[in-house]
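Visitor: Protein chains in written order, with full-length UniProt numbering: chain A, 1 to 643; chain B, 1 to 643.
Any given hint could be a false lead.
Identical chains share a label here; the pair holds if one copy fits it or two copies do between them.
Dumping the calculated SDA-like pairs for lysine to any residue here, alpha-carbon to alpha-carbon at most 20 Å [as the list claims (entries may be wrong)]: (1) LYS196 <-> HIS221; (2) LYS319 <-> ILE498; (3) LYS212 <-> LYS300; (4) LYS636 <-> GLN310; (5) LYS300 <-> SER217; (6) LYS341 <-> PHE160; (7) LYS196 <-> GLN313; (8) LYS212 <-> TYR303; (9) LYS29 <-> ILE498; (10) LYS636 <-> ASP323; (11) LYS636 <-> SER315; (12) LYS605 <-> GLU138; (13) LYS167 <-> ARG179; (14) LYS605 <-> SER148; (15) LYS196 <-> LEU363; (16) LYS504 <-> SER435; (17) LYS300 <-> TYR213; (18) LYS605 <-> LEU565; (19) LYS178 <-> THR211.
Hints are computed from structural coordinates only; laboratory data are not their basis.
Here is what each chain is made of, one letter per residue.
2 protein chains.
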Amino acid sequence: MKISALMTSAGINIGICVLLWSLYSVLRKQPAFVRVYFGRRIAEENRLLREAFILERFVPSTGWIVKALQCTEEDLLAAAGLDAIAFNRILVFSIRIFSLAAILCLFGILPVHYFGRKTHHLEIPSEQLHMFTVQNVEVQSRWLWVHSLVLYIISGVACFLLHIEYKHIARLRLLHLKRTTLNPGQFTVLVRGIPKTANESCSSDVDDFFTKYHASSYLFHQVVYKAGKVQKIMTGAKKACGKLDHSTSTDTTLDQSRKAITYPCCVCGASSNSFQLLPTDEVAKNIDNEECAAAFVFFKTRYGALLASQALQTSNPTKWVTDLAPEPDDVYWSNIWLPYKQLWIRRIATLLGSLVFSVLFLLPVTFIQGLSQLDQVHRKLPFLNGLLKQPYISQIITGYLPSVILLLFLYTVSPIMILFSTLEGPTSHSERKRSACSKVLYFFIWNVFFVNLASGAVISQLNSSSTTKDIAVQLAGVIPGQGWASLSSELMQLFGLIYNFIIKYVLRMKEDTAFVPTFPYHTEVPKVMLFGLLGFSCSVLAPLILPFLLVYFFLGYVVYRNQLLNVYRMRYDSGGLYWPIAHNTVMFSLVLTQIICFGVFGLKKSPVAAGFTIPPIFFILSFNQYCRTRFLPLFKTFPPRRT
Amino acid sequence: MKISALMTSAGINIGICVLLWSLYSVLRKQPAFVRVYFGRRIAEENRLLREAFILERFVPSTGWIVKALQCTEEDLLAAAGLDAIAFNRILVFSIRIFSLAAILCLFGILPVHYFGRKTHHLEIPSEQLHMFTVQNVEVQSRWLWVHSLVLYIISGVACFLLHIEYKHIARLRLLHLKRTTLNPGQFTVLVRGIPKTANESCSSDVDDFFTKYHASSYLFHQVVYKAGKVQKIMTGAKKACGKLDHSTSTDTTLDQSRKAITYPCCVCGASSNSFQLLPTDEVAKNIDNEECAAAFVFFKTRYGALLASQALQTSNPTKWVTDLAPEPDDVYWSNIWLPYKQLWIRRIATLLGSLVFSVLFLLPVTFIQGLSQLDQVHRKLPFLNGLLKQPYISQIITGYLPSVILLLFLYTVSPIMILFSTLEGPTSHSERKRSACSKVLYFFIWNVFFVNLASGAVISQLNSSSTTKDIAVQLAGVIPGQGWASLSSELMQLFGLIYNFIIKYVLRMKEDTAFVPTFPYHTEVPKVMLFGLLGFSCSVLAPLILPFLLVYFFLGYVVYRNQLLNVYRMRYDSGGLYWPIAHNTVMFSLVLTQIICFGVFGLKKSPVAAGFTIPPIFFILSFNQYCRTRFLPLFKTFPPRRT
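Sequences are here, hints too, so could you generate the full structure?
Guide: The structure is reproduced here in structure tokens:
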């Protein structure tokens with residue numbers, strides 16, 4: 001691949017980005033799309049924009065970028081929660097470390113690469129890309145110390161920055177937990193695996209148990225029954241109730257005689273909106289024979305609830321299982337009644353499912369990888385031969401088409417993974433999303449990084465025409481293609497736009513104002529982390545990738561802040577639990593980088609340089625161990641507020 | 001290797017075993033060695049044997065075997081604790097599963113192997129050993145379904161038996177925790193990482209903290225000071241005090257003016273012998289400027305101590321770290337004062353150290369592996385040529401010498417691993433031993449199993465004379481050699497015997513009656529588990545190994561029970577925590593067996609049989625997940641006794 005081909009690809013992407021961003025800046029001012037682009041604000045602040053016709057509406061503008069940049073951390077925390085802050089800090093960390101890496105690599109390493117061999121240099125645009133990678137350094141070169149030095153600096157600074165961020169987020173998490181006074185979840189324990197007894201009702205069992213063993217702080221409880229039909233009616237009632245709140249609904253399936261009842265949380269005085277349960281006596285009448293599934297137990301103090309949630313209750317760890325209850329809005333009701341004994345089977349089954357899915361996904365990835373090599377396209381799709389002879393078309397196909405197809409395939413990953421996570425049986429929305437986030441991350445690292453590289457190497461070997469030197473270059477093409485395109489698509493909210501259009505103009509239905517999506521952390525966190533991994537592992541080997549990556553992170557910073565502030569609603573919050581995932585991924589990326597460099601320096605027959613890649617691995621692992629001791633416990637539990 | 005060579009090796013071992021066991025049955029009746037063979041009884045029950053000369057003393061007898069077999073589980077629990085029971089159950093499980101495996105494999109699989117190829121059969125003693133292994137089955141044989149079936153039965157029954165044992169030990173653990181009423185450890189919390197304050201003394205800091213946050217159940221506390229010299233004096237005093245108790249010592253280093261003081265545990269009324277601390281005021285006088293390292297905090301109720309130990313105390317997880325205190329006799333005093341913040345470095349460093357040690361150990365193992373192949377010995381040690389020409393000598397060398405040398409090398413492993421475990425900074429003896437046990441186990445599995453196999457394969461390839469078919473056969477030779485020999489040496493207590501002899505007859509010192517060793521779980525558990533792994537992985541491939549293994553486990557059952565009852569003292573007890581280690585190892589062994597069989601059946605070009613090895617893997621992993629949910633939490637913490 002030549003520099004010019006890369007530039008063409010980048011140019012197309014920049015063009016599309018500018019176009020889409022301008023389009024966005026216009027569309028966001030149209031009243032018709034206000035629900036798509038300002039969902040959060042609408043839901044919180046009622047209508048702001050009136051449907052007046054002003055010419056200004058149709059002029060692209062940049063004000064939204066300024067707004068997104070100006071917003072402070074407090075605003076973001078208030079608007080989108082601690083998870084948003086954690087996500088934002090991931091981007092800030094990436095921008096910082098890759099700015100440094102870009103400066104060091106472009107000015108330090110790129111010249112070493114370019115002048116690494118005494119050859120005749122062409123003009124830069126028609127130079128082959130591998131002239132700028134480590135491929136161009138001579139075997140047994142004495143200049144590899146530059147690479148080692150840069151690696152040391154990057155690893156050291158990355159650890160330093162990670163420490164700052166971890167500390168910052170841990171502090172915010174503690175503040176966040178202290179600040180939320182109206183937080184019924186902290187007073188409540190979710191009890192599962194309540195054993196059947198000869199006693200007449202499950203409710204009295206729960207009462208007996210907690211009065212006996214937690215007498216000092218036990219307040220009262222609410223049993224959740226596993227009731228097929230009643231469950232469905234409850235779910236229906238809950239939905240309907242949500243609609244009634246906005247008093248716009250007429251066509252509900254609500255059985256009007258059975259209303260959902262809202263228990264005011266007597267501890268904090270707040271009315272917890274989601275603890276909508278049928279009154280116990282009414283349920284008991286209907287479902288005497290139904291199994292008691294779980295119970296929410298309320299305590300007088302936060303400390304009491306915390307202690308009760310941490311202790312093992314009986315000698316059988318699958319009975320009377322206590323956990324801190326999720327926040328009312330966070331409860332994933334359809335999983336609450338799952339028998340606790342079943343969960344281990346579900347966990348194994350979903351693990352298996354994810355593995356099989358990851359393996360089956362190899363097929364499209366391998367095919368697409370083939371597309372980016374032009375002679376493969378000639379062979380596999382011979383009818384395109386005429387078209388491919390034209391230089392620009394061929395550059396588009398090699399630089400752009402594979403990314404688009406791969407992107408479309410990757411869109412199927414997160415729905416499938418979140419389905420797996422749902423089947424796993426988490427009791428809260430945030431846990432479900434976080435588990436999906438980990439799954440998608442493993443999937444990305446495995447499939448996009450390892451397999452992409454491996455299949456590329458295999459194809460190259462089959463061809464015998466090109467060597468593995470193109471791998472880093474191919475990755476460089478991924479970033480403008482997939483990265484920038486996906487950001488633009490996120491900004492444009494293509495799905496939301498089309499959905500809105502169909503609802504409004506095709507089906508002519510009234511808009512559903514209650515539905516505002518939550519931020520898809522399970523797709524966006526892995527995406528950002530994957531590009532980070534790509535950046536670290538290519539930094540010293542193919543530094544040309546870094547400017548593209550830096551542009552991606554800058555754009556991402558603007559876009560995601562804007563989306564968090566305007567589009568998505570914070571219904572639930574895991575309290576910054578995405579940060580440990582990000583931290584571990586960066587640690588993994590840094591270690592992998594060292595291992596890759598060890599291999600590359602070994603191939604260059606420079607044992608000294610290869611040897612110098614070993615000590616940082618131990619340094620990084622030690623740092624990780626330190627963080628696990630110092631910060632991680634705060635993300636697993638929290639210090640009690642003894643009130 | 002021929003059958004006759006194997007039989008020679010086995011014969012020599014049987015001879016040596018019978019000789020040593022007879023010798024043991026004589027020696028144990030000699031009053032001179034009573035401290036070696038009845039250390040525990042002497043320490044507990046005072047002298048039983050008088051120094052009368054009876055002829056019976058010099059006649060070998062079998063009564064001790066009957067005694068060892070007759071003793072009930074209650075006796076063993078009383079004499080040697082729950083760890084001994086767990087170890088005993090490992091042996092019982094092994095005997096049961098390998099009896100079944102031996103029956104199935106010898107009657108089902110051995111004929112398939114022997115008649116697997118249509119060749120002329122020699123007389124059995126001069127038949128090559130590989131005639132009895134899977135090597136002799138034809139490629140694409142239809143008889144491999146027998147192997148699959150046997151594998152299924154073994155895996156299923158192993159899981160069933162493991163479930164019974166896990167349940168049994170969990171029940172015993174609960175009973176054990178309930179039964180021990182005089183157990184100060186359960187009322188005590190060990191606090192580390194106490195921060196420095198402007199406050200005048202550390203003691204008042206601890207008092208303030210626990211009075212403030214655990215007012216309802218806090219009783220009092222005892223600070224442990226980090227004091228260089230004072231620490232040493234205390235250790236000396238402790239030792240001396242132990243000697244004084246038996247009032248036999250005259251030559252102690254005790255500073256008589258400073259006596260160790262025994263605090264009676266005011267909760268249970270028992271005098272806890274090891275909480276021997278200097279009175280606070282005296283210490284404070286000497287070491288005003290010394291750092292406060294840790295504190296034992298005593299609670300009114302077990303439940304209060306348990307809750308305090310489980311909660312995170314402050315927003316910094318490295319300060320005010322609370323754990324349940326070890327039992328008085330279990331406290332590892334020299335690690336108590338280690339700064340908590342340092343522990344993560346120690347953990348990383350010992351991990352590194354163990355890795356390096358495991359890698360360096362490859363050298364002797366590879367050399368020894370070479371010895372078991374006769375032509376290698378010829379080449380490496382040419383001066384032995386004349387000797388090696390004699391058939392019996394060569395059979396001894398191939399069958400016996402390598403095991404002895406390897407055994408001697410392996411004797412260095414456990415002291416080094418326990419040194420690493422000490423450096424890691426555990427606060428109790430039992431934790432230290434358990435951690436060493438895991439390390440030795442990893443080392444054994446890695447070095448003896450994987451590397452032994454791999455180096456054997458490499459050597460075979462270098463020779464080009466023999467193929468990998470000898471590997472299973474070589475392993476078969478390991479069991480009579482290493483297994484039986486190590487059991488006999490354990491029974492004979494060679495080290496103890498020599499030590500005792502030197503002390504008594506060479507140095508003419510008075511015997512140290514206070515010193516009775518504790519059972520070396522960290523060497524014996526890994527040894528037994530390694531033979532289990534060997535048994536599972538060779539069962540269907542080289543069934544001839546099973547009778548030898550079964551003999552090993554039977555002998556082990558007798559020997560270890562005898563040793564636990566008579567020789568070793570139970571000073572501390574981890575409460576059956578060795579069982580989860582054993583369970584995980586068996587799970588690993590079963591999965592590895594399936595994977596090895598997958599490979600072997602694949603080489604035999606039998607895709608159906610290979611495919612049938614996949615489902616058991618998932619079954620085994622599911623079973624493991626079930627046990628982790630159902631039983632493992634009981635081994636990490638325990639349900640509170642609310643008294």
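Visitor: For LYS212 vs LYS300, is the C-alpha pair at or below 20 Å within one copy, between two copies, both, or neither?
Guide: both (15 Å within a copy, 19 Å between copies)
Visitor: Since the copies are identical, ignore which copy is meant and state whether LYS605 and GLU138 lie within 20 Å (CA to CA) inside a copy, between copies, both or neither.
Guide: within (10 Å within a copy, 46 Å between copies)
Visitor: How would you classify LYS605 and SER148 at a CA-CA limit of 20 Å: within, between, both, or neither?
Guide: within (14 Å within a copy, 48 Å between copies)
Visitor: For the identical chains here, do LYS504 and SER435 meet the 20 Å Cα criterion within one copy, between copies, both, or neither?
Guide: neither (35 Å within a copy, 66 Å between copies)
Visitor: Please sort LYS319 with ILE498 into within, between, both or neither, judging by C-alpha distance up to 20 Å.
Guide: neither (48 Å within a copy, 54 Å between copies)
Visitor: I want to check one pair: LYS196 and HIS221. Are their C-alpha atoms no more than 20 Å apart within a copy, between two copies, both, or neither?
Guide: Answer is within; shortest intra-copy Cα gap is 17 Å, inter-copy 43 Å.
Visitor: Within a copy, between copies, both or neither: which one fits LYS636 and ASP323 at a CA-CA cutoff of 20 Å?
Guide: This pair counts as both: shortest intra-copy Cα distance 12 Å, inter-copy 17 Å.
Visitor: Evaluate LYS167 and ARG179 at a C-alpha cut-off of 20 Å and name the case that applies: within, between, both or neither.
Guide: within (18 Å within a copy, 45 Å between copies)
Visitor: Using 20 Å as the alpha-carbon threshold, which applies to LYS29 and ILE498: within, between, both, or neither?
Guide: within (17 Å within a copy, 93 Å between copies)
Visitor: 20 Å Cα cut-off: does LYS196 pair with LEU363 within a copy, between copies, both or neither?
Guide: neither (49 Å within a copy, 60 Å between copies)
Visitor: At most 20 Å between alpha carbons: which applies to LYS178 and THR211, within, between, both or neither?
Guide: neither (28 Å within a copy, 22 Å between copies)
Visitor: Within, between, both or neither: how does the pair LYS212, TYR303 come out at a Cα-Cα threshold of 20 Å?
Guide: Both. Shortest intra-copy (18 Å) and inter-copy (13 Å) distances satisfy the 20 Å Cα cut-off.
The earlier numbered hints that this structure contradicts are 2, 15, 16, 18 and 19.
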